[in-house]
Structures are given as C-alpha cells and as structure tokens.
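Student: Next come the chains, spelled out residue by residue.
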Amino acid sequence: MLWPLLRCQKARKYLKGTSVSFVLFILSNLMRQKIRTGLTVLGISIGITAVVALGIFVHSAKVATEGLIQAGGSDFIIGRDGSADLTLSTVTEDEIAAVSAYEEVEYVTGALIAIFGVGSSPFFLQFGIEPEALDFFEVEILEGTRLSPGATDEMLLGNSSSVGADLGDTIEIRDLEFTVVGIYDTGASMLDGGAILPLAAVQEYERKPNIVTIAFVRTRPGTDIESLKARIEDDYPNLAAAATLDEVGDIDQGTQILDAVELGISAIAIFIGGIAVMNTMVMAVFERTREFGILRALGWRTRRIIQMVIGESLLLCLIAAAAGSLLAIGLTQLVILFPAVSSFIEIEYTLNVFLRGLIVGVSVGLLGAIYPAYRAARLSPAQAIRYE
Amino acid sequence: MNDQAPVIDVRDVVKTFDKGLTRALDGVTLSIDKGEFVSITGPSGCGKSTLLHAIAALEKPDSGEIYINGEEITSKRDLSRYRARTIGLVFQLHNLLPNLSASENVQVPMYEISISPRERRKRADELLGLVSLQGKEKKRPTQLSGGERQRVAVARALSNGPPIILADEPTGNLDSKASLQVIELLKNIQREQGVTLVLVTHNASIAEAADRAVHMLDGRIESKAED
Ligand SMILES: Nc1ncnc2c1ncn2[C@@H]1O[C@H](COP(=O)(O)OP(=O)(O)OP(=O)(O)O)[C@@H](O)[C@H]1O
Ligand SMILES: [Mg+2]
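Heads up: the sequence lines are chains A and B, in that order. Note that this note's numbering gives residue 213 to position 94 of the first sequence, counting from 1, and the numbers run on in steps of one. Note that this note's numbering gives residue 257 to position 209 of the second sequence, counting from 1, and the numbers run on in steps of one.
Think of the hints as simulated: they come from the structure by calculation, not from any bench. Check the hints yourself; a few may be wrong.
What the hints assert, rightly or not - Derived DSSO-like pairs (lysine-lysine); straight-line CA-CA distance at most 27 Å:
no.	chain 1	residue 1	chain 2	residue 2
1	A	Lys-153	B	Lys-108
2	A	Lys-153	B	Lys-186
3	A	Lys-153	B	Lys-187
Stated by the list, open to error - Chain A residues, not near chain B, derived (Cβ > 12 Å throughout):
no.	residue
4	Glu-212
5	Tyr-226
6	Glu-345
7	Ile-424
Note that the coordinates shown come from a computational prediction; the quantities given were computed from them, not determined experimentally. Quick reminder that beta carbons are idealized off the backbone N, C-alpha and C, glycines included.
Chain A with its partners taken away, still in its complex shape (with noise of 0.2 Å):
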C-alpha cells in the first residue's frame, strides 16, 4: 500500500535522506518516555481494537447471514422491502405464488425464521420449511431420518445447536412439543446452530398463518438473474430481491446500521486517538525545545523536523494498530467461546478489517501530528537555544 507512495516523485523528495538510523532515533525518541509512550499506545490501541474487533464481527456475521441467502440451491432470495431485520421481513403465500408464476422461475419455496431462547440456547435459530424443500437446502442429514410429510411435532437439529438436546429428545418451544428426528448440516453456520421444523408449526405458533420471512427463488438455467430481480421489483414495489449480501440492506436494515456504526466507531477512535496522540507529542516537543533548536542550528531543515515529529507519532500509531490488532483477535476469539456466539457465527479473519485498523491507526497518528509539527517547525533556533 506504501508502495506507490514512495514511487511518487514529491513523496520521494519529502523522504530523502531517511534512512534506518532516522527511524531508529526516532524510535528511541520514543523510547525516552516510556510510560507515556506505553500508556498512549494502550490508549490508542484500544479505539483500534473496539474498530477491528467490530469489523470482524460485522463481517463474521455477514457471512453468515450470505451462508443463508445462499442456503442450497437457491440464486436470490425475496423478502419485504424496507424491513428493519431480516426475521422482520414478511412474504405471503400469495406472493410466492406471483412469483412462482414467472417463466425463469424454476423452484420457489419459503422459510419462516424465527429466532428465541429455547433450552440453554438464548438466540435459538428455528428455521421452518416444507418438508420436501429439504433436498433444495441441501440438509444432509447426520443422524436419524428427514422430517415426515405432513408431521407436526417432529424437528431437525443443526449440528452445532447448542441447545442441549439429542436424537429422540422432546424440546418445548412456545406451548408445542417436537421431537428431535434428525441431525443435519448443512455448511451454514447460522443455520447449523440452530433447528428445521415444519412449516405449518412454526406458522402456527408464531401465529403468522400464511406468511413466511423469505421466499428462496432458483432458476431455470441461462436465466439473465438480474433482469429477472428487476422485474419482479417493478412488478411489486413491496417486494426485494437480493443475491448478494450488499442487496441485502434492502431486506435487512440490520446490516446497514452496523455498517453506519462501524464507520462512527472508526471515526470516534481516530478523533479521540488523534487528541491522545496530539497531547503526547504536544508534551515531547515543548520538552525537547532546546534540542530543537540545536537540530536547527546544526543544519536541520523544518521539513526534517516535520519528519521526525510526524514519524514519532506515526511510529507511535503503528505500534497501536500492532497491538490493537492482535488485543482485537484475543477478543474475538474469547467471545466466541459463549455458545450464544458461536452458534450464529463463525470468526472469519479477512485482511480488509486489520486493513481498517491500520488506516485508523494512521490516521491517528497524521491528525495528531499536525499540531505538534506545526510548533516545532515554527520554533525560532535562537529562542530554542536559550529555552531551559
């Protein structure tokens, strides 16, 4: 990333002369204050790892809810548009029928999603298809049988449910009983850690007669997908179509608003980090004045002064975002250690979010170098000298 920097031709004139001796000293510069420097680093580190740790999070959970839009064989799914979370989302059986009547489609079936505590599981994913769309999810069945056409009172458990339960066992969701006839996988994590039952059932104890949250659509083969989604939307404005994640906000607003919050927590963290390090750097130039000003008398051009402040607190940054990073991946892996988590999702690493924390880290650093750049290159030698 630094790399096209330092091919620019300005950028390589501003960093002429450094060398490993310069960063070096700026380096022990650093170190001269050791406790400040450690305690603004934690400081600093910490903002970075509130908005690493976020970002793995919101993308950990992002794959899994696309694990879920592309559950089996399907190429998008419909939901209503505008619902604030995707379990919000309301289509009816109508509308699945509208659907179902247009000639690309080739298989149209819908889900109720439910989610609650049952058992020692405080966000139990329920997950209510008709029973022949089994094969359509692709649910492989581990144990035991498939649910039986026309059963109510039977339930499949993901493999990685946390709820406590085993093949044969009876589990109380609202007032009805189902008994645990199989388990599945299916290589969605979200849908793993939760259970399939019958459609009808959870319609019926969720009292949405009729209605499901998503419709799953497939196509016929050389469909043009897109044109298709379109269509559909026009043709019903309460409607969306979404085959990809990003298409996803429309159903899910949910998605939308971690986004929003991801980037205010990285903004948060740049503005309160960029005072941290501005107070610390503010600190060590007025400290070191008189060396300032000996640097200026034997020869140092403002703009190397520049470069040393700004390296400080780049280096400073860089050493933050180090720790923020790895203090982030502690985190997260500790987090996922409650069933409540690990049964949603699973921790995914992806170079874009420590990407994020480094642009975080420095930014930081560059705000909060400003300041202190500015006095130290405004520093008059002869004044600098004769300062105690």
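Knowing the structure of chain A, use the given hints to seat chain B with the ligands on it.
Tutor: Chain B with the ligands alone, transformed into the frame defined by chain A:
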C-alpha cells in the same frame, strides 16, 4: 592574509528584543580573517551569544549586514544549508542529544548532506578519534565526563568540515584541566585545518591565547586588543 577579504564581516548590526526595549546588539562592526582565532569577552548580557547567533544565521538582525566569504547572509533564503556546511557550533550546556551515542551525535549534522549511512559512521568515528575519544563511540552523553561531552560537541561541529567554528562558552562548566584540553583541541583544529575560530569566554587567560581578543559592553564592541 591581510590582503584577503575577511571571512566574517559584520557591519553595523543591530538586534533588539522586547519590542526594542533591549538592544542586545547596538551597532556591532567586526571583521575576522580566514584562519583567525578571535575571542570575545564581556559581562553577562552584553550580547556575545546574540552576536554568535546572528553570525550563525539563527537570529535575524534588525538592521546591518553580515557577509560570510563575501556573501550577505541575513537575506539568504536557504539558511539550513549555510548552517549545516559553513558553520560549526559548540554551545556551553545541554549540547548533545541525550538519547544518542557519541558517534550518533556527531552524525546529526551529516543528515543534511547526501552521504551514505556507512560513510557517515566512518567519518564520525574518525572525528571522535581526532578529539581523542576513540573507543567511546557508543557511549551516551550521560556516560561521558563534562570534558568528554564537549569534545564530542567539537567533533560534531567539525562533522561537515565547516570553514568557521563558533563556540559559545564551550568550557563554561568545566574544571581548568578539562577546559584547557578543549581549548587546545579547538586551537589545534584552527591551526592545522585553517579554520576560523570565534570563541566566547569568561576566562581571561583563554581570551588572551587568541590571535585577537574582542571585548563587548552593552551591545557594542568596546576595544580591540592588539597582539
Ligand atoms: N530571545 C530574547 N528575548 C528577549 N531578550 C533577549 C533574548 N535573547 C537575548 N536577550 C537579551 O539580550 C541581551 C544580550 O543577551 P546575550 O545572551 O547575547 O548576552 P551574553 O553576552 O551572551 O550573556 P552571557 O554571558 O550571560 O551568556 C540580554 O539582555 C538578554 O536578556
Ligand atoms: Mg551568552
């Protein structure tokens, strides 16, 4: 030597502080030849440091001109280059950067001239040898005696081979033996390398040892002692 134009030619320089209330330099005229050793004495507050700072282009005079090798410096734009290459400075106190070794301190001015880090280190170690500090290259200022520290400062002043050395009470807080060592060192460099040396001192016997002793009072040059 007499036929040559002076290396340092200060003409009627005035420098005031506190909105003109303090006249630190009140019309100073002084010319110094190439290779000359000039000492400056005078009571505290008479403007000695201010004069050196003006010559080193650290302080801009209110009026008057300063010619260095025939070139006027008060209106020069790139003062850093001038400070780095033409002037070698030695101060009295807190002269070295405390977190750098002796060798690294000597290298500080070399950052502004384009030489390789290896060359920089080599030259610094040579200069430390010149001031009899071989073997102490890696020592921090706190691990050196006061006299040794000032010798590091002298080596640093020489690092870019400047034709002029300005020393502002370099022996101020040293005992007489250490003072003598530092002064001898400066004199040797002046003699052997043809460097022009301007030395501010309170010590009368050191001042006498110069080619020319200049006395200052209230921002003016009082009298010129003949030698
Ligand atoms: N930055 C400044 N602001 C205000 N007054 C100053 C400043 N620098 C010097 N002065 C004043 O200018 C006068 C000359 O100061 P200078 O430091 O040149 O004296 P000096 O001869 O070097 O004294 P000393 O022997 O004590 O070092 C003094 O009255 C001093 O207070
Ligand atoms: Mg003085």
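Student: With reference to the structure, classify each hint as holding or not holding.
Tutor: Status of the hints after comparison with the structure:
no., hint, in the structure
1, Lys-153/A / Lys-108/B, "38 Å, violated"
2, Lys-153/A / Lys-186/B, "21 Å, holds"
3, Lys-153/A / Lys-187/B, "21 Å, holds"
4, Glu-212, "76 Å, holds"
5, Tyr-226, "70 Å, holds"
6, Glu-345, "58 Å, holds"
7, Ile-424, "10 Å, violated"
Comparing the model with each numbered hint stated earlier shows that hints 1, 7 do not hold.
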